[in-house]
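**Q** My numbering puts the sequence shown at residues 3 to 506.
It is worth saying that the hints were derived from the structure and are not from the lab. Cβ atoms here follow ideal geometry from the backbone N, Cα and C, with glycine treated the same way. Hints may be right or wrong, so weigh each one.
Beta-carbon label-pair distances, calculated as ranges [stated by the list, open to error]:
#	residue 1	residue 2	range
1	THR419	GLN319	38 to 46 angstroms
2	HIS473	PRO285	27 to 35 angstroms
3	GLU469	GLU192	28 to 36 angstroms
4	GLN390	LEU220	46 to 54 angstroms
5	ASP448	GLU192	44 to 52 angstroms
6	ALA318	GLY209	21 to 29 angstroms
7	ALA257	GLY331	44 to 52 angstroms
8	GLU393	SER54	21 to 29 angstroms
9	PRO285	GLU127	46 to 54 angstroms
10	ARG236	ASP484	17 to 25 angstroms
11	ASN196	TYR260	16 to 24 angstroms
12	ASN443	LEU259	49 to 57 angstroms
13	GLU235	GLY457	32 to 40 angstroms
14	LYS370	LEU424	47 to 55 angstroms
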Amino acid sequence: MNNNKIIIFDTTLRDGEQSPGASMNTAEKLQIALQLERLGVDVMEAGFAAASPGDFDAVNQIAKQASNIRVCSLSRAVERDIKAAGEALAPAKYKRIHTFIATSPIHMEYKLKMQPQEVIKRAVEAVKYAKTFCDDVEFSCEDAGRTDINFMKEICDAVIEAGAGTINLPDTVGYRLPTELSKMVSEMVEFINNRAIVSVHNHNDLGLATANSLACILAGARQVECTINGIGERAGNAALEEIVMAIKTRQDIFAPLYTDIIAKEIYPSSRLIASITGIEPQPNKAIVGKNAFAHESGIHQDGMLKHKETYEIISAQSIGLEQNSLVLGKHSGRHAFKDKLVSLGFDLDVDALNTAFDKFKQLADKKKEIFDDDVRALVAEEITKIPQVYEIVELLQSSGGSLASASISIKHDDQITSDSALGNGTADAIFKVIDRISNINGVLKDYKVTAVSQGKDALAKVDVKVEFEGHNAVMGHGLDIDTMKASAKAYIGALNSYLRIKDL
Numbered sequence: 003m004n005n006n007k008i009i010i011f012d013t014t015l016r017d018g019e020q021s022p023g024a025s026m027n028t029a030e031k032l033q034i035a036l037q038l039e040r041l042g043v044d045v046m047e048a049g050f051a052a053a054s055p056g057d058f059d060a061v062n063q064i065a066k067q068a069s070n071i072r073v074c075s076l077s078r079a080v081e082r083d084i085k086a087a088g089e090a091l092a093p094a095k096y097k098r099i100h101t102f103i104a105t106s107p108i109h110m111e112y113k114l115k116m117q118p119q120e121v122i123k124r125a126v127e128a129v130k131y132a133k134t135f136c137d138d139v140e141f142s143c144e145d146a147g148r149t150d151i152n153f154m155k156e157i158c159d160a161v162i163e164a165g166a167g168t169i170n171l172p173d174t175v176g177y178r179l180p181t182e183l184s185k186m187v188s189e190m191v192e193f194i195n196n197r198a199i200v201s202v203h204n205h206n207d208l209g210l211a212t213a214n215s216l217a218c219i220l221a222g223a224r225q226v227e228c229t230i231n232g233i234g235e236r237a238g239n240a241a242l243e244e245i246v247m248a249i250k251t252r253q254d255i256f257a258p259l260y261t262d263i264i265a266k267e268i269y270p271s272s273r274l275i276a277s278i279t280g281i282e283p284q285p286n287k288a289i290v291g292k293n294a295f296a297h298e299s300g301i302h303q304d305g306m307l308k309h310k311e312t313y314e315i316i317s318a319q320s321i322g323l324e325q326n327s328l329v330l331g332k333h334s335g336r337h338a339f340k341d342k343l344v345s346l347g348f349d350l351d352v353d354a355l356n357t358a359f360d361k362f363k364q365l366a367d368k369k370k371e372i373f374d375d376d377v378r379a380l381v382a383e384e385i386t387k388i389p390q391v392y393e394i395v396e397l398l399q400s401s402g403g404s405l406a407s408a409s410i411s412i413k414h415d416d417q418i419t420s421d422s423a424l425g426n427g428t429a430d431a432i433f434k435v436i437d438r439i440s441n442i443n444g445v446l447k448d449y450k451v452t453a454v455s456q457g458k459d460a461l462a463k464v465d466v467k468v469e470f471e472g473h474n475a476v477m478g479h480g481l482d483i484d485t486m487k488a489s490a491k492a493y494i495g496a497l498n499s500y501l502r503i504k505d506l
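Put together the whole structure using the sequences plus the hints.
**A** Given below as structure tokens:
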């Protein structure tokens, strides 16, 4: 074992998907998985195979197509979960089962309703059963941050003896400070004494996930679990890009420690995740936020012009961000377009490529300048598209006075239905027409418009969250130069997503 390498365990597809509204279908997960492989991630947690047929299929499809990355599935310390994980991972060249059980007093008493010795027995049985499916088994002490250290040593000793090769110590609720986790990890590293790799998984409830992860690495942890853009349930997870670039930038502190992450793939990975999930990093997000390399202060601008390192500790180019990168033009051919997609991290089949190319040509006729982010958005829209139960054929809109109107023609079961409605604004009128034609009422919970690139003719990306018929809210995404058309596409997308989930 190379004791200087930090293993990067990416859980964007599992823990990251638990961000509200971030659910992804199999095609979307596969695109992300292939990009994580290009990024140089060591272990990819592809999902929770036992959670649903869709999760099983996603893990299985990724296992079939991944070539140079270890594919992992999470499972509770339950035989059914472990079996599902093992079967889903069966085609993978390199595979890992990640099983867990809660070990903190509060979780054991109130959630598991089990005595400590029962928990140890269950954990040992889980690891032994997981070993029948693959050699690489990881065990997590859920809520390790609030677990008694002596009990944690006892259970870790038992699961290592049973065959666990990685011991993960998650701060599940993001409660601990760097000094506290550093002390805990240091003691556990000394106790485990190279019998297994010590891993950490930190949540960001107090804004300390990255700081905690770095402190744990300095204390001896050699695997860190993280997500692209720091997405995840509640306040999110430790951000992969922050951890990797901190180690790379501060070699005066971390040398000889290193990762195998290819830094130039960080920004393309970030944009792919944002495009697919609809969750944009906040503008001032470290490393990948749109303001991360913006300098507005006159003093800063003067310093930057004289010498970049006066106010910039890493370069935009080092993470794969080419400022204002112009892409192809209206006369560009299919081959050049495909090469550009590969450079942006997309791997499309022939049908998806042809559709994306047609959309690119249509956009090139409307938009004077097309940027990399425009192409990313176009392709992401294509690969995230689900079966179109309802499809917009035509949209007419007008506004004036206190009310706006919208007339829409929608295709459903090969029949086209048209209707009109008035609303408090054009978007409201559009949504009312869609509700009327589909006979399914939606309640808009969130509505967000962003410009994909720059300029007056920038593509508008609309993300909506809609609650249909009292069920859990679903996300919809729309893209168009016309913001209202993008809004209609987003709402229809949410409706189609709801119908797909309803039919599962």
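**Q** A separate judgement is required for each hint: does it hold in the structure or not?
**A** Here's how the hints hold up against the structure:
1. Taking the beta carbon of each, THR419 and GLN319 are about 51 angstroms apart, not inside 38 to 46 angstroms as hinted.
2. The hint said 27 to 35 angstroms for the Cβ distance between HIS473 and PRO285, and at roughly 32 angstroms that hint holds.
3. At about 51 angstroms, the beta-carbon gap between GLU469 and GLU192 misses the expected band of 28 to 36 angstroms.
4. A hinted range of 46 to 54 angstroms for the beta carbons of GLN390 and LEU220 is consistent with their spacing of about 51 angstroms.
5. Remark: the range hint 44 to 52 angstroms for ASP448 to GLU192 is upheld by a beta-carbon distance near 48 angstroms.
6. For ALA318 and GLY209, the hinted distance range of 21 to 29 angstroms is satisfied, since their beta carbons lie about 24 angstroms from each other.
7. A hinted range of 44 to 52 angstroms holds for the C-beta pair ALA257 and GLY331, which are about 45 angstroms apart.
8. About 26 angstroms separates the C-beta atoms of GLU393 and SER54, a value consistent with the hinted range of 21 to 29 angstroms.
9. Between PRO285 and GLU127 the beta carbons are some 48 angstroms apart, a value that agrees with the proposed interval 46 to 54 angstroms.
10. Range check, ARG236 to ASP484: Cβ separation about 36 angstroms, and the 17 to 25 angstroms hint is violated.
11. Look at ASN196 against TYR260: about 19 angstroms separates their beta carbons, and that is inside 16 to 24 angstroms.
12. In this structure the hint that ASN443 and LEU259 lie 49 to 57 angstroms apart at CB holds, the actual value being about 55 angstroms.
13. Between GLU235 and GLY457 the beta carbons are some 36 angstroms apart, a value that agrees with the proposed interval 32 to 40 angstroms.
14. LYS370 and LEU424 have their C-beta atoms about 35 angstroms apart, which leaves the hinted 47 to 55 angstroms range violated.
Hint violations for this structure: numbers 1, 3, 10, 14, all remaining hints satisfied.
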